[in-house]
Amino acid sequence: MAETTTAQKSVKFIIERQDAPDKPSYTEEFEIPYRPNMNVIGALMEIQRNPKKSDGSSTAPVCWESNCLEEVCGACSMVINGKPRQACSALIDQLQQPIRLQPMRTFPVVRDLVINRERMFNALKKVKAWIPIDGTYDLGPGPRMAETKRQWAYELSKCMTCGVCLESCPNVNDRNSFIGPAAISQVRLFNAHPTGEMNQEERLDALMTDGGIEGCGNSQNCVRSCPKGIPLTTSIAAINKDTTKHMFKKWLGI
Amino acid sequence: MNDRNSYFPRKLHSLLGVIPLGLFIVEHMLTNFSAYEGGPEGFKDSVAFLNGLPLVFFLELFGIWLPLLFHGVYGLYVAYQSNLNTGRFQYGRNWAFTMQRITGVVTFIFVVWHLYQTRYQVMVGNVTHEELGGVMHDVANSPFYLVLYIIGVIAATFHFSNGMWAFLVSWGITIGPRAQRISSYIWMGVFVICSVMFLMSLFAFRGDEFKEAASAALAWANLV
Ligand code: SF4
Ligand code: FES
Chain F
1 MAETTTAQKS VKFIIERQDA PDKPSYTEEF EIPYRPNMNV IGALMEIQRN
51 PKKSDGSSTA PVCWESNCLE EVCGACSMVI NGKPRQACSA LIDQLQQPIR
101 LQPMRTFPVV RDLVINRERM FNALKKVKAW IPIDGTYDLG PGPRMAETKR
151 QWAYELSKCM TCGVCLESCP NVNDRNSFIG PAAISQVRLF NAHPTGEMNQ
201 EERLDALMTD GGIEGCGNSQ NCVRSCPKGI PLTTSIAAIN KDTTKHMFKK
251 WLGI
Chain Z
1 MNDRNSYFPR KLHSLLGVIP LGLFIVEHML TNFSAYEGGP EGFKDSVAFL
51 NGLPLVFFLE LFGIWLPLLF HGVYGLYVAY QSNLNTGRFQ YGRNWAFTMQ
101 RITGVVTFIF VVWHLYQTRY QVMVGNVTHE ELGGVMHDVA NSPFYLVLYI
151 IGVIAATFHF SNGMWAFLVS WGITIGPRAQ RISSYIWMGV FVICSVMFLM
201 SLFAFRGDEF KEAASAALAW ANLV
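Just so you know, the protein sequences line up as chains F and Z, in that order.
The numbering used here numbers the first residue of the first sequence as 1 and each following residue consecutively.
The numbering used here numbers the first residue of the second sequence as 1 and each following residue consecutively.
No lab work stands behind these hints: they were computed from the structure.
No residue lacks a Cβ here, since even glycine has one placed at the ideal position from N, Cα and C.
Among the clues, some could well be false.
[What the hints assert, rightly or not] Using C-beta positions, here's what the derived DEER-type ranges look like: (1) Z:T86 with F:E31: 30 to 36 Å; (2) F:L69 with Z:N5: 40 to 46 Å; (3) Z:F8 with F:K53: 50 to 56 Å; (4) Z:R181 with F:T59: 46 to 52 Å; (5) Z:E27 with F:Y26: 56 to 62 Å; (6) Z:G189 with F:E31: 49 to 55 Å; (7) F:W130 with Z:E60: 47 to 53 Å; (8) Z:E60 with F:R175: 33 to 39 Å.
Based on the sequences and whatever the hints tell you, model everything.
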């Protein structure tokens, strides 16, 4: 069978590891048998089954996070060969070896490749990235959304809070309170919704506080990195326009 | 979350970069260019015209000194808050982002030093406005200063042009990718034109016609 001819092939990994949030990081090398159509998650599973470094000595299995395995949940984001992306859609055949895996250090590292993306969820809370429809009585149906607009908004709604855009942003770091591109694009999404629009000022206000939209320095790495192809820089510029207008309106009291 | 709000200072920083500082750099470029076009007389006339403006003290204070101080100092803080990651993300815009911060710091140092060499010397009475052409003659003829001026001038014009590009995005004027791309072509064109004009005037100052004016200035220039 084909396996006998490919059995010799192997895949090399250099993985940056860390035992706990406050522990120093170190790297370990692994060499695992190649299988056709393998992705990075598959390779990590192989290391989990047989946690041996390339020199043959055993080690603790490498920790990572993943859920959907089809690039829609964002849990498996990590830095692969220098670029932040999802491990589940990173195919071994398309990667240069040795494959370097690192955690996305913009976020606190929990262990090995596992990071804590809590700041992104806090950001969504801060900008109120939802549509408030709860009340004490039935509010009835909301205004309809044009189909063309729905299709446009759908693109923005694809964000999976994966954190890749924050990892690529030079202004998201511990000297800077910038909220990051993802939440700004979500403000655009919810402000475009016919019902969400009713609370648009609240979201703009949230982006006009410390660490808000002004933290964007236009490096535009985010839009080049987003796996969902979300037009982040267009969203930021559009919200720049809205916040600027909002600022002048507030000043002039209209 | 603290109570500090970075939105307004950052917006002010952005606005001051255009009005008045952007306008000033264009004005400065034209004044210098009069040295290229009209020689010492042309340059002297331009300087005299500026100094003849009414309320020139307040114009300078509110039109240049204070905006420059705020934009410069706050700008250093903005630069400090950024990581430079062009190693990992070698995209054109990311390079521009990095260069905007580097040229900002270079321009800040250059402007302080340039002000010391010119405006400050006028203020303390070492040279007069009429002798500034001579001061620049000495600067442009010293290979060391000339190289520093070329670097400073190019840094300043890049910071201005690319800053204008970013201003249009930050205030929501150029929104879509197409608008931003066209804007980048325009501002890179402005960068080239401004740099060439500044450099032409810088080299014009090397000419002998600025020499007589220079002798008076020499006395203090040796001190610098
Ligand atoms: S905008 Fe794109 S890169 Fe950023 S979190 Fe959402 S899906 Fe990930
Ligand atoms: S596991 Fe959900 S994006 Fe990779």
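Here is how each hint holds up against the structure:
no.	hint	in the structure
1	Z:T86 with F:E31: 30 to 36 Å	holds (32 Å)
2	F:L69 with Z:N5: 40 to 46 Å	holds (42 Å)
3	Z:F8 with F:K53: 50 to 56 Å	holds (54 Å)
4	Z:R181 with F:T59: 46 to 52 Å	holds (49 Å)
5	Z:E27 with F:Y26: 56 to 62 Å	holds (57 Å)
6	Z:G189 with F:E31: 49 to 55 Å	holds (53 Å)
7	F:W130 with Z:E60: 47 to 53 Å	holds (51 Å)
8	Z:E60 with F:R175: 33 to 39 Å	holds (34 Å)
Checked against the numbered hints above, the structure violates none of them.
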